[in-house]
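Novice: Go by the hints and put chain L onto chain Z.
Protein chains in written order, with the working numbering: chain Z, 1 to 218; chain L, 1 to 407.
The hints are all genuine.
List of simulated lysine to aspartate or glutamate pairs, DMTMM-like, C-alpha gap at most 25 angstroms:
{"hint": "1", "chain 1": "L", "residue 1": "K341", "chain 2": "Z", "residue 2": "E112"}
{"hint": "2", "chain 1": "Z", "residue 1": "K32", "chain 2": "L", "residue 2": "D403"}
{"hint": "3", "chain 1": "L", "residue 1": "K379", "chain 2": "L", "residue 2": "D189"}
{"hint": "4", "chain 1": "Z", "residue 1": "K204", "chain 2": "L", "residue 2": "E376"}
{"hint": "5", "chain 1": "L", "residue 1": "K341", "chain 2": "Z", "residue 2": "E76"}
{"hint": "6", "chain 1": "Z", "residue 1": "K204", "chain 2": "L", "residue 2": "D13"}
{"hint": "7", "chain 1": "Z", "residue 1": "K20", "chain 2": "L", "residue 2": "E150"}
{"hint": "8", "chain 1": "Z", "residue 1": "K95", "chain 2": "L", "residue 2": "D403"}
{"hint": "9", "chain 1": "L", "residue 1": "K379", "chain 2": "Z", "residue 2": "D60"}
{"hint": "10", "chain 1": "L", "residue 1": "K341", "chain 2": "Z", "residue 2": "D82"}
{"hint": "11", "chain 1": "Z", "residue 1": "K88", "chain 2": "L", "residue 2": "D403"}
{"hint": "12", "chain 1": "L", "residue 1": "K157", "chain 2": "L", "residue 2": "E104"}
Don't read these hints as lab results, they were simulated from the structure.
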Amino acid sequence: MPNPFHFYTRLNLTELLGRKAKNISELLEGIKAVPGSSIYYHTHRFLQQHHFLSPEPPNDFAYWVSNILQEEKIGEQLAAVDIIQFKKIHDLREKFISIIEGYLKTKHGIREAPASSEFHFMKSVTFVIPTQYVANNLAEFLDAVKKISIHSIYFHIFEARLRLEKGNNDFSNWLGNELNEAELAKKISRLDPYTQTLESLRQKIIYLAEKRLNAQNK
Amino acid sequence: MPKINDYIPIVGDDTIEELKILGEKLKGKVVQHINSTSVGGGVAEILNRMVPLMSELGVDTRWDLLKGGEKFFNITKKFHNALHGISIEISDDEFNFFLQVENENAKAINFYGDVIFIHDPQPIGLITRKKDFDKKWIWRCHIDVSQPQENVWQFLKKFVEMYDIAVFSVPAFAKQLSIRQVLISPSIDPLSDKNKDLPEEVIDSVFEKYKIERNKPIITQISRYDFLKDPVGVIDAFKMVRKYVNCQLILAGNTATDDPEHDKVFTAAKERAADDPDIHLLIIERSHNDIEINALQRGSDIILQKSLREGFGLTVSEALWKKKPVIAGAVGGIPLQITHKYSGILTHTVEGTAYWLKQLLNSPEYAKQLGLNGHEHVKNNFLLTRHLREYFLMFLSLYHNTDIVRL
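Okay, chain L solo, but in the shape it has when bound:
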């Protein structure tokens, strides 16, 4: 696991020095994260990397888990889908069972932190203990709640408004609430296997493994085979462009065994590709996932993320970090990562995607500038160090009530 000083060559002394100053100001405070799983999923991935760095910076940070059985997690999965706007029936019994498990956990968990940092809806009900201690409570929402199923949101809102702060990843997820709402985007770790620099031989070997010759421009979309990532639309856009420019397409996703739609979407993409030798549909094994994805991105000329819906869409930052020009759907958190025509291209349709692909393939200097601007934007706004800084500032803001705070 990297140490905080390992980030100095990437973000500079100043940024790390600022984190150390903030860590010093928070000395003595204990931050207690609570979520529902220690492995798998974005929240656990972020916490696994952040908790050791926060502690190294002098902020005593610990992590506890909520306990719940299969029935409980089936109910919270329904909450999750309903918050994403999918119409789903949740019975009174299920709401009551959820409350019962929250109560059991609220009694069993030792709330030792000065700041209790609750992630996502599963442990949201622990806030009922707020009245028993003098502590600060934060609810961190990692999911898209812009168009939730109303009854589920209203049920959860009663808890949300008991917190001191609610944290959202994207402005569009903000709600009319009686409490403070903070915007903190997720981040990529520049030192992880998915993002670190790779020697040219490693990149070459991955392309050789998948039998892709780098003899003409390569357009790549990295995403699991999911209708919302629109792989068929990507193939259609590619075919429009290839009439005029000689190029090839890579679609690469991992083996999502837990997604029942995966096979259906992969088959649809395969049918649309129709054995075209310039379209490479890859399935990357999970064990090789990170390095191979990294190599494919680095070996490409243009990266697409033509999503129809996105929680945040961090693959865009991953590609921009590698200085690649990115064309992406203007959904979820993608417009935060790309300012149209400055640090990438935002599109809404297959035709728009084809149009911009053609433009960038024919204007490589402009495409290169977009990638360079995008890299700077990610460096300033979407690296793990920015994420740590904003968490520290938010903790400090719990103890100050003004818009300008002199530390």
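Isolated chain Z (complex conformation):
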């Protein structure tokens, strides 16, 4: 018997770190110094607050550099950081550091943010709570994915992979390891959750699971 999959959801509380940056050098110092939960927060905030929008607005660093400092070239480079490629916050942080350091080497004179438009570093405290949904097999999994909140999808896809640093999303881990559904697990982990809304991500997971279930029942 496979171990059942328990669906959880998560709620966030935002903390202010009291640290701010008024130019790109100070942004760099901040990115180097803040806790990992702050890097996670600033690369996922838009996703959490605007999960109905597609295409997603970029991460906070890119948004601030492009829209406040009006440094569009490096803003674009920061926006293009492909978060799905990173399995550890440490590596994601290093990527932002190397882009900004590379930029500062070639740049003479840096722009200051207008008054009251500084970048404020924050982080989030995540509260994980169980839901009533449990799946013992693929049919039950499919049924639950249709019903759970988007916050639960968010938790198992984003937080599990990068914040809890499990390397893969929870759905793919369980489908692959407990149900021996390696192919389905791979297809789900190949979806790029950063380029679509959570609702459309849910629809794609449902589509893939239904297809697999139909094939099993033939």
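Specialist: Then chain L, alone, in the frame of chain Z:
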């Protein structure tokens, strides 16, 4: 007063279920709010709506008041202005009198709560009793302290750093402090008279009352007549736009009898409007305020909030909740409510405001999308239910020390 389940049709079962789970986790804890007034002002308005809902969710929540006379409140009003960055002289006698009243209250108040939740600077000194009991203390700052008068901030900071948590509404209000700082924005109540759905006849009747025909696009700014809301700048922007697009402007504010500048600003706006029949300057009576403001917002095509300075600017969320495209000044809490070009438009000048007015009037589909995105953003981030959830999470966080908490 609405019950918690009345919010289910608006925010969904999940959100209310989560609040019930959090309430259950806090069962047995008593939360004691302390502020300086039970009526009037934003803090009392929020507490009046929140305290019954928190109690209904199983968190025993009570509310006590600080006692202070006229002299005390004149001093704390000075603190308030100084924290907003206005240069003001406060004498040693006044600081000492403030401390004396804090001491008297600290002795008189019964601190029965497990969590003592202090609002704003008036009761801040009650924290000196922290050493006497094993309780958690929160200081909730509702005002803009981004550029305070330094001596007043330093005086208050000594107290702030004795708390377990300080709470601010906007990231820019955060300080370098030795304690945890939490970001919790204020909220609107979708079931209040100001925000609830209105039948079309009610909207029509309000426009009829003020003799405004809805025969061409309507641009509206709701705010009291105050220089910081820039009503004259709004009229200038409107005049630039009206050269190209046939439209009309409503400026509506209430009768702020306690604001000495009100008449001066209203006169300045009237002079600038110069009897233009397409500019409607309205003064809304307080007794009709909420429903009429609601109707004016719902009957408008574009809402402006061209503030030069703002504590939080919740009128933006009120307008977005009604699915209206909003053009607003990028000040205070407004950038939290509007992401430029995604859920509204942020501007810095009269010319920028005119430019975007013209764009939105000529691109109604884009304007509509901004309003719809804005509505979703408010639904997810600025309703009372989110505010309750974050208060509950903050109470729970007082008893856990990690960034990931499994409940």
